[in-house]
Amino acid sequence: MITIQHISKRFGNFQVLRDVSLNLRGGQCVALIGPNGSGKTTLIKAILGMVMPQSGTVLFKGESVGRQWEYRRGIGYMPQIGRYPENMTIGQVLDMMKDIRKVPEETLDRDLFEVFGLQAMLQKRMGTLSGGTRQKVSACLAFMFNPEVLILDEPTAGLDPVATELLKDKILAEKSKNRLIVITSHVLSDLDDLATEVIYMHEGRPLFHKSLETLKEETGADRLAKAIAKVMANQEMMKEVIA
Amino acid sequence: MNKIMKYVIADLLRSRAVLVYAVVLLVLSFSVFNIEDNADKGVISLLNIMLFVVPLVSIVFSTVYLYNSAEFIELLVSQPLKRGMIWMSVFAGLAGALGLAFLIGVGIPIVLYAFTVSGMVLLACGVLLSLVFVSIAMWAAVRIRDKAKGIGLSMLLWLYFALLFDALVLFILFQFSDYPIENGMIAVSMLNPIDISRILILLQVDLSAMMGYTGAVFRNFFGTGWGMAITGVVLLLWLVAPMWFSLRFFDRRDL
Amino acid sequence: MTRYFYVVFCVFVCLAVSGMSYAATIQVGASYHIKSINHALGLVADGDTIRVHAGVYREGNIAIRKRVVLIGVGNPVIDGEKQHEPFSVFAPNVTIRGFTIKASGRSSIRDIAAIKIYDTRHATIADNILDDNFFGIYMQNAKQCTVRNNQLTAYGETEQLTGNGIHSWKSDSLYIAGNTIVGHRDGIYLEFVTRTEVRDNHALHNRRYGLHFMFSHDNGYYANTFTGNGAGVAVMYTKHVRMAHNTFNENWGDAAYGLLLKDITDSHIEHNVFSRNTTAILMEGSNRVQMQRNQFEGNGWALKMQASCMDNVVTENNFVQNTFDVATNGSLVLNTFARNYWDKYEGYDLDKDHEGDVPFRPVSLYSMVVEKFPMAMLLFRSFIVMLLDRTERVIPSLTPENLKDDFPLMKPIDV
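Taken in order, these protein sequences are the chains called A, B and C.
All you need for this note's numbering is the position in the first sequence, starting with 1, plus 1425.
All you need for this note's numbering is the position in the second sequence, starting with 1, plus 511.
Take the third sequence: its position 333, counted from the start at 1, is 319 in this note's numbering, and no numbers get skipped.
Treat the hints as calculated values from the structure; they're not laboratory data.
A portion of the hints provided could be inaccurate.
Claimed, not checked - If the Cβ cut is set under 7 Å, some of the chain C residues that face chain B in the computed set are:
no. : residue
1   : Tyr208
2   : Thr211
3   : Trp238
4   : Thr264
5   : Gly286
6   : Met361
7   : Phe369
Note that CB positions come from ideal geometry on N, CA and C, so glycine has one too.
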């Protein structure tokens, strides 16, 4: 569904993405992980057209997204930090997004809206909300329009455990609908139940891209976190051997 | 476009800063008209306030708002919207809110106390100046990523247009007074939107002096329909040009 | 006793006989026996009346050498065909009334007028319409003439192509009242004219001056209106002028003045209104002029008093909404300003005597700057200029020290 071909991006002297090529298909739930500054968010932004790569292309359903905007109809995006105009109410933010997407009211996915209990807070101003509540609004917006692709940047950061579970349930439900879901997270345990694929970013390029099962088999670990730790240890060893 | 603009305006109109701005203008204008015994003198006092406050508030408030809305704008960019349209909507929202605040704060007292040509020109110039400085703020904010630096730049720009530019012009005038610089001076004053507004209002309240002493130069330029049309176009250019540059830049900028 | 009676009888008879000769009236017109005015003038005797009926008369020059009264009935038109001087008056006691006189000749050598009065007295020119003439009413060496309620209009494109409306030279005791003069070179021009009253006239949009006089002493100008004349009003080299209740307005331009006073001495300028002029009054070399109870409103400069003026008194005037109130070109000021109302005054009146407690300095720094660099007007009312002016008000350094009103009024006065 999304094909990334040889993307490179440099901010000033800092090479954020180095010749990244990936192929992501529907039905996958991709865990995009890696240390801070490894280029995860930039990669997502490149897919969303928020960052213009110096070279390479992103194809969405086979078509280049360069300077296009219509394709984003098929993407639901939940940003890392959701900040909204302070004096807008939750209701207005939702209305605005509905206005932008122009989707008939009955086709809207209101699951998260209901389970998060946003109905009771429609009149609250965004400026008065806690970080967690703003995340709930962001999540709700990402899922509301039944997008074929969901891109969730640190979705569980700031959410309370109950809300985290509710969100995970929702992600699982969407996965079963043959959607492509891309998640970045530092909390690897959250990804265990969700991910089918793992992409590990390191210094601007994907170190590996494997299915979760393969990864677990190769490392003999039962948890993602452990598997990653083993891979990293191997890497260090390899480096030492080479050196 | 208006779907986003409408929410931006609604948000801004409920912001405390815009409300305070409108109320302060309202109180200032009413007190000016109550102190001054005639309308034209009131307009002159308001002129001084307007040339000072409107650009300052417009540029600083807009810059701060733009930096605070960075994430919101990012979110909008991730939606199926054209970038240009998002930027135009934010501009329209800011311009609409600040223009409206000025219209209420100064417009109501003017309509009540000075419903004259000079009053109307003041009002029109004030609204235009608001828009021009929102436009300049858009340019400053899109060029500079760092919030503190961006706000600093907008303050510097204001200081330049409100004070330094005139000091410079005065200096040039004294230095080159022996040369035929009349037309040049008019051209130079077109480089500052505050000066253009000031001259447009001077042409109302100090017409006798403007049309007389500096004689043919003013009369030939501002006294004719062409001159006024050019002045109006230049002022509009001040509104359009920074916005256009910022738009071009925003269109290819990484967020 | 009988002798006395006889004398009285004789006088009475004489009066009756002469009275009978006055009564002669001749009618001129298309439907009358006499068709032309010149023909009639040949027939009449001193004291007769000629009634000219409606129609167009093209008779070249009509020279009046007898004491006659010419009355236009139904507004007859005298056409000078752009070649002739329609009326020339040589005899005293001539009246010309109720005519339309148009298209006089034009000349750059001779001053051709619609009505020209040569070296005579007691002429009355009243209720005429003068249209498209070179000069309008021209009096040379005239005495005790009356010019009343005439309407003069000219259309000259430049100063050279048109003459003055009411022009008088070397005359005395004239009465010029209620005339309207539009589009001539000077509306009213007086040179060596004395003891004359000019009242209730309107001089509008004349090419050069609305009123222009020199060497014309002891005249009075009352309740006239001078509007939008090319260079306003200029009066020169004259003493004992009285100007009261006149209106001077909308004279725009760098050489246009509401009122230019050059070498005017011992005069009074009172109760006049000066509004929307570039310069309301410019005074040069004028001494002992009393300026009282005038209204200066919306002018660029209300009063420019050059350093060559002395002993003038400016008192009880209102200065309202002028861009600059007073300007001068020197630092020495030998004139008195007192008890005026200045709307720019920001002082206070703690002792409640209706006079401000601190003096007002009507000359602003920037007015002196603009005087030197006219283009500086472009920066007027800018923030930097305001700062300059404020600083100067607090610490005067460039503006003349003693040009100040020590008793500025707190409220405008009725003028």
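Hint check, failures only: As far as the earlier hints go, 1, 2 are violated by this structure, in ascending order.
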